[in-house]
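Single-letter residue listing:
There are 2 protein chains.
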Amino acid sequence: MNFLDRIDQPALILDEDTARRNIDRMAVNALRNRVNFRPHFKTHQSAEIGQWFREKGVEQITVSSVEMAEYFADNGWQDITIAFSVNVRQLERIRQLAQRIKLQVLVESAEGIQSIASLTDCSLGVWLKIDAGNNRTGLDWQQVDLVKEFSDQVKRFPNLHLLGLLTHSGNTYRAQTRAEVCSIFREGVDRLEHLRLALEDHGVKGILISVGDTPGCTLCDDWSSIYEVRPGNFVFYDAQQFIAGVCEFQDIAVAVACPVVAKHPLRREVVVYGGAIHLSKDYVEINGQRSYGLVALRDGDRWGAPVPEAIVKGLSQEHGVIRMPGSEFERVKIGDLLFILPAHSCLTVQVMRKYYTLTSRVISTLNRS
Amino acid sequence: MNFLDRIDQPALILDEDTARRNIDRMAVNALRNRVNFRPHFKTHQSAEIGQWFREKGVEQITVSSVEMAEYFADNGWQDITIAFSVNVRQLERIRQLAQRIKLQVLVESAEGIQSIASLTDCSLGVWLKIDAGNNRTGLDWQQVDLVKEFSDQVKRFPNLHLLGLLTHSGNTYRAQTRAEVCSIFREGVDRLEHLRLALEDHGVKGILISVGDTPGCTLCDDWSSIYEVRPGNFVFYDAQQFIAGVCEFQDIAVAVACPVVAKHPLRREVVVYGGAIHLSKDYVEINGQRSYGLVALRDGDRWGAPVPEAIVKGLSQEHGVIRMPGSEFERVKIGDLLFILPAHSCLTVQVMRKYYTLTSRVISTLNRS
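Heads up: the protein sequence lines correspond to chains A and B, in order. Using the working numbering, read the first sequence as starting at 1 and increasing by one per residue. Using the working numbering, read the second sequence as starting at 1 and increasing by one per residue.
Just so you know, the hints here were simulated from the structure itself, not pulled from any lab data. Check each hint, because a few of them may be wrong.
Given that identical chains are not distinguished, each listed pair holds provided it fits within a single copy or across any two copies.
Result set (DSBU-like, lysine-lysine): computed pairs, CA atoms no more than 30 Å apart in a straight line [unchecked claim]:
hint	residue 1	residue 2
1	Lys205	Lys263
2	Lys333	Lys148
3	Lys313	Lys263
4	Lys333	Lys155
5	Lys102	Lys263
6	Lys148	Lys205
7	Lys263	Lys155
8	Lys263	Lys148
9	Lys205	Lys155
10	Lys354	Lys263
11	Lys205	Lys102
12	Lys354	Lys56
13	Lys102	Lys155
14	Lys148	Lys102
Let the sequences and hints guide you as you build the complete structure.
Spelled out as structure tokens, the structure:
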């Protein structure tokens, strides 16, 4: 009896070989481009999967919260960037972390700088968080004077070590074509380079540039001016990345296995046990229709290729409603498993909290050890 | 120092008094209408909050999964309906539950009926799951012959006890006005009543009608033909219910407290630590704009009224971007807490996994004990 035959409720399945191949490919890419590889661990959030990166020589990582930094520090990581602007309410936890590992933080406000400057008993690497066009947060790349002022402020404190300019070009996730991804990626880097030169003129030397987004780091060849990359999603990829042309479906390393509980022949819809609490509510568009992932049938001991035109049209708390083409609809039986390749793997991992490998080994995360 | 001053990362805050008042009001409503009150526990998912229902005389509950039924059975509940069509992969767990508590399940297929019929060593209450217009799952209310056939099938097995017809009119959640809610609610009940009469003609007597949705049970006065109601969301309500006119904002019992980490004066946007992993990605529409909740400022030891025109315009994994009107924007400082009243409280509870009361007591759920 195969492991998949024993699954009785929605389960996040991880294809370890595919994830390891994704890690290897990105590590090689960074090495070839001679940039520092500091992968973002917010996607997998797992000490065990972290080890797969370590086996490829990774020693420096990125996380998105103090909590995540504490978890990975507890699991032996000694050099961590928290890629989230300093939350002044967490100063004490930042202090404790900085006293046991090499810690880098982000600032984008006078309040943020003042707060970490007060941690005089620990040493912190500091990045200025720049908004290079994503319009989420960070100092606007056009506010050159403010960037100079904040650089000067950081340099005034002996416990703070100004490292450089950091951005997340999350707007590449909204690109429709590979050319558009690379154009946004380069635009972000060029804007940081523009700021770096302005700082150099201002007398601030040695400023580094850190960028990080999976689409750009996967697709783009021109890595000039970049000191460091921090992609995260590439470890698993997902339906968004596949549809944007960033990866092949064979690169998608995770799927949620969902038992079929009902079939509705008149509307060619299959209802699965697997809803918003298993997948999250991020979605992609397939032929102009919203779909909460790609749908694959079982193929032996794994999932097969996504079924063209299958749509996860609705998710409620525990139910998923899937519209299937006629031939696949006929093949699916009540009690079968369908596999949903998530729209956005980072959020699916967060809600599912643990993985099963194809050989049924459980891999835990920060959220369920 | 108030408890709220110590919050350093996104926290789900529960106003116990408001939740208890919501429970009391719905219990009284059911009592006055002389229907069986079997509240859905999928919203709060907490043994402790379950006790607040028990104090109001509730002995029978609804859950949305076998896992949740096991949790509440472990916490002393002896009469549980799993309001999710039987998943044939979980037969063994259903058997074990039925051997220790009074268990009701839903069926909507021949496969489902056959599978539970095989559990000859336990007794199960059986509801036929009917789709009365929501178009998610269930036997279409117009398929009268199929409903008769399935009734006959269930009655053939001595371990199965046919209870009646059950629907979830989830389409009331999409209604825009109170009148529309009540019209959909009554339409669902009337369609079940139509089926009930058809079954009676067919010789199947004693069929009960079970419905359950918070909007309908909150707003509608005509409860005729109804044996049982199973609302769940009402315990906390949320932004969706407020905007649809189902509740007042004073009835919303949960909010996510989020530290402010950045301010962007040019676009009047505040960035908080609080993203998709804290709120989920359900949203409401406010003046035609998507918002992932309502935004309130702190008012003493609690949150205040929602700020009109404040929009949670974007959520990434950990960040929330909030657009504020000018006067409130000025009041908010980096390091303050903002309170986001969730778009959909059921999903927010699921991602946050535990509550803090206003007096800082931690209340655990199924997902984090």
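Exercise for review: Could you check the structure against the hints above and give me the numbers of any it violates, in ascending order?
Suggested key: Checked against the structure, no hint fails, so every one of them is satisfied.
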